[in-house]
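Participant: Listed here are the chains, written in short residue letters.
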Amino acid sequence: MLKKTDDKELVERCIHGDPAAWADLTRKYSTLISISIRNRLKRHSLPFSQGDVDDIRQEVLMSVWTRNKLLSVRNKEKIAFWLSIVAGNTAVDYMRSKLGVGSKRMFDCTEMMGSGEIDARVLGIPSREDDPAVAASNKELVDIVKNALDDLSDNERLVMKLHLFFEKDYADIAKILSLPGGTVSSCIKRSKEKLASALRKKL
Amino acid sequence: MKIENVSTDCLNDVALSDYLLNTLPAEERSRIEKHLSVCGACLVKMIASSDSVREFEKASQVRRFGLMKKMNWICIAAAVSFVLSFLVPRYFLQFLTAAAIFGVKWIVDSKNTRILIAIHEAWKKGGEKEASKVLKGLDKDAKSRL
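Sequences listed follow chains A and B, in order.
Take the first sequence: its letters are residues 1 to 203, numbered as in our numbering.
Take the second sequence: its letters are residues 1 to 146, numbered as in our numbering.
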């Protein structure tokens with residue numbers, strides 16, 4: 001009771017089927033699981049209730065314990081990221097089965113990120129479907145930006161997507177990608193110059 | 001541009017979490033970043049997880065700070081009650097009792113007391129050997145925090 005056990009020891013005891021260790025781990029990470037479920041479902045713009053979050057949390061805990069998923073974790077002293085990803089995946093699967101197979105397109109993030117509609121919104125361009133000429137012109141603009149992003153290197157494209165599509169600032173991107181802040185800002189500056197040059201050529 | 005969802009090559013949960021922990025070799029990191037630059041599904045997974053863990057850590061810090069504040073208030077209440085016991089002789093015993101209660105609560109709730117009791121229990125069970133094991137564990141814990 002008085003001894004503070006670290007995650008690695010707790011996880012190893014859970015892997016060996018210790019219910020007391022599992023109870024401690026559950027208590028420690030229950031909040032993280034709930035936060036992860038909410039964030040993931042919000043990312044997919046899916047409506048959910050507190051009841052859904054509670055059900056999904058139970059499902060996550062049940063599947064991690066009964067299938068001994070902790071065995072597959074490499075860094076047993078820091079399981080927060082892994083647990084968060086598992087919780088998010090379970091949330092998506094839960095909503096998929098709740099809403100039916102027909103809603104599968106809703107979960108295809110590449111569709112979300114690749115579709116002209118979303119990109120137009122992200123780029124601050126109204127879709128203007130009432131005016132076909134404006135809509136066509138806006139679509140062409142979106143295609144130009146997409147092609148320009150294609151021409152960037154893998155790293156530059158990743159940084160720009162985090163900046164443009166996920167609205168992450170330089171510090172957030174540096175933290176997520178474990179890069180120095182200076183590297184991120186010079187990468188974004190370089191990529192924006194490339195995008196601007198590509199836009200100037202096409203327009 | 002059509003972003004390819006390379007579903008057969010999509011990242012597994014362990015690889016993605018190791019990437020976020022920055023524990024992978026450079027070559028593996030590069031491979032994962034190449035995939036993230038073209039796979040929207042994995043990118044959303046990564047961002048959602050990163051945001052969630054950050055939110056969780058912030059909430060935990062707020063809770064810990066709240067607990068520290070509570071401990072400080074208990075200590076202050078003990079000190080004030082002790083001083084009042086002399087300043088207000090009419091209620092000397094009452095204030096002294098309150099000071100004793102707050103003081104005991106502060107001592108029992110504090111981490112150092114827990115450590116001392118853990119060492120004492122280990123020593124009672126298995127003598128010096130067990131006690132030194134507990135001390136080594138605490139030392140390791142302190143070093144890992146540095």
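Be aware that one or more of the hints could be misleading.
Stated by the list, open to error - Computed footprint of chain A on chain B; a stretch qualifies when at least three of its residues, placed anywhere within it, have a C-beta under 8 Å from a C-beta of chain A:
1. 11-17
2. 20-26
3. 42-52
4. 72-80
Everything labelled a hint here was simulated from the structure, so no lab data went into it.
Given the structure is predicted, the values throughout are model-derived calculations rather than measurements.
Beta carbons are placed, not taken as given, at the ideal position from N, Cα and C, and that holds for glycine.
Participant: Each hint should be assessed against the structure and marked as holding or not.
Facilitator: Evaluated hints:
Remark: the stretch 11-17 of chain B is confirmed as covered by chain A, as 4 of its residues place a Cβ nearer than 8 Å to a Cβ of that chain, reaching the required three. Only residues whose C-beta sits within less than 8 Å of a C-beta in chain A count toward coverage, and the stretch 20-26 of chain B has 4 of them, enough to reach three; the restraint holds. Here's how the stretch 42-52 of chain B fares: 10 of its residues keep a CB closer than 8 Å to some CB of chain A, so the rule of at least three is met and the hint holds. For the stretch 72-80 of chain B, the stated coverage by chain A is violated: 0 residues have a C-beta nearer than 8 Å to a C-beta of that chain, whereas at least 3 were required.
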